[in-house]
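**Student:** First to last, the protein sequences are chains G and P.
Residues 0 to 132 in numbering that gives the first Met the number 0 are what the first sequence spells out, letter by letter.
Residues 0 to 500 in numbering that gives the first Met the number 0 are what the second sequence spells out, letter by letter.
Since the hints were made in silico from the structure, they are not lab data.
Given the structure is predicted, the values throughout are model-derived calculations rather than measurements.
Check before you lean on any hint, since a few could be wrong.
[To be verified] The list that follows gives simulated cross-link-like pairs (lysine-lysine, DSS-like), each with its CA atoms no further than 25 Å apart:
| no. | chain 1 | residue 1 | chain 2 | residue 2 |
| --- | --- | --- | --- | --- |
| 1 | P | K27 | G | K70 |
| 2 | P | K27 | G | K94 |
| 3 | P | K111 | G | K70 |
| 4 | P | K63 | G | K65 |
| 5 | G | K70 | P | K436 |
| 6 | P | K63 | G | K66 |
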Amino acid sequence: MKNNEIGMSLIVKTITRLTIGLILIYGIYISMFSSAHPGGGFAGGVIIALSFIHIMLAFGKGIALKKLTGKIIVSLMSISALLIICLAVPNFIGKDLREGIPVSDIAISLMVGMGLFLAFMALALMTPHRGQS
Amino acid sequence: MRQDFVLLFIIAPLFLAVGTALLGRTVKQLGFMLSCACGLILCFCSFMVFGLLQKTPAHIFIYKVGGHLPPFGIALVFDGLSSFMLILVNFISLLVALYSFRYMDRYTDKWKFYCLFMFMLAGMNGLIISGDLFTLYVFLEVASVAGYALVAFGTEAEDLEAAFKYAVMGVVASIFILLGIALLYSYTSTLNMADMAFVLATKPQGALVAFVSVLFLAGFGLKSAMVPFHAWLPDAHPSAPAPISALLSGVFIKTLGVYALARVFFNVLGVSQKALFIMMFLGTVSMVVGAVLAISQRDIKRMLAYSSISQVGYIIFALGLGTPLGILGALFHLFNHAISKTMLFLNSGAIEYSTDTRNMEKLGGLNSRLPVTGSTSFIGGLSISGVPPLGGFWSKLIIILAAVQAGHFIFALIAVLVSIVTLGYYLKFQRFVFLGKLNLGLSKIRGIPLSMTIPVVILAAISIVSVLLLMPFAGHFLDSACNALIAGNLYKDSFWSAIIW
């Protein structure tokens, strides 16, 4: 047990290890099939972010940042923004692009997921040290 | 005729900014190349818009986004004022992007700078071309948020403090503007600016319009740093990197503040005598307070920042006169001040680059080492304070003539006196930094690379010849911009006729 000192107890860590994969797959499912089923890009993105936030809560922020580094977050967010802009252009010009809705849902889910994870990570990283006001 | 290229004003900077975020870490200098390419494309597009406007009958054309008709869909409006601002913003951004090639060597993570720079450019362009009040607000927020991050770019303690101060005050301004838009929407049930003006003209003007005017005046006044709302600017400008200070002072406060204020007040709400007088009064107060506070500054950039407050005061004052001559003076002074102040801020960056200090008292005699910087700073200072052959003289002359013509003799006198004070502190800057003996305390003086002198020289040349814009052969560059504001409430009629056409 190399990470016994940081994070929560062994029970939580084991359960998290078993469930995060399932949560991540469920989030991807929600965001991929949202155009035909209940759900949506935003909901899927939140679930994707939750799987990584679980890692952060159970194992500590260091492990979570090792799984999902800043470089990966920036590139995923940039890719999703590029996708959204590329889908927006035909609609701006006046061509109705309905086939783009599933792609835009995936882009939105990536953006929301990474953004939510970043917000949590910022809250975790920016806590003042004890002793400071 | 295909007009789809106008979408590039928003899409190109956004796309390239995201591209920089994706690849900028791995490909060195990608951010610089993309931002220069973006500046070039947008400069070309803004001149194309200007050419297109000359061919259209009423000097206005509407781009319907997605092909939806305007009161329901989003419209991008191109009239004289928009094309004037587009040319100014994109040209200055191109020069600033060129300048930042070597200047940004002082900082790490340059790709983040270029990414934010292009987001800011997208926000400013979108704000200028939007014909829809809420779209205007959205792009105002895009530009502002990029601005907060860019002010904090150095991440020193004082940079963060300035950025935080700016962010808090900017958010208050945004909330004022959003509240004003919400109230207007509840009153007129539309967000399109022309439609809103149409509904406001048919409905009785109650206390609500007056209240909304106050909200907009406070909100856009905070963005343009008029005097009761100016506290963020003297902190934000010194702590930003020099290209960003130049952009903030040169075009940012004018686009987000002056342009939006003029558009909303003249074309949507319709000007009332009270609103005009308040603008005139606040402009005069900013003029005086900015100039007086600038005298005693030791930091070059802080002095230039106070000078910006003072000169924006001139612009707001001239807009507040409300006469055609006053509006011409305001727009021409906006142009001249943008050119000269960008030049001066870029020069302050060059001084910091070569000597690592911005404190005037530690400098001296730099003319022998940095002749280009010295002479262009001299031209810029003289142009802003209004010395004859340079552009600033003509714009101030028009403003003062307009004030006399409108019968405001005391305000005209104040404007003359303030420009003498302005000349005083620019000469002081010249004396402390460039003239006299070389200060031996300066250990090393680096030479300034060519990429940092070319933009400044171009700007200096423009500020010398900018009087040509007043000549008849210069086309309708200033005239059509003025006519867009003078037309006032007729904006809605030309809007609807342009849609039918």
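**Student:** Hint by hint, say whether it matches the structure.
**Tutor:** Status of the hints after comparison with the structure:
no. : hint           : in the structure
1   : K27/P x K70/G  : holds (16 Å)
2   : K27/P x K94/G  : violated (37 Å)
3   : K111/P x K70/G : holds (13 Å)
4   : K63/P x K65/G  : violated (47 Å)
5   : K70/G x K436/P : violated (51 Å)
6   : K63/P x K66/G  : violated (45 Å)
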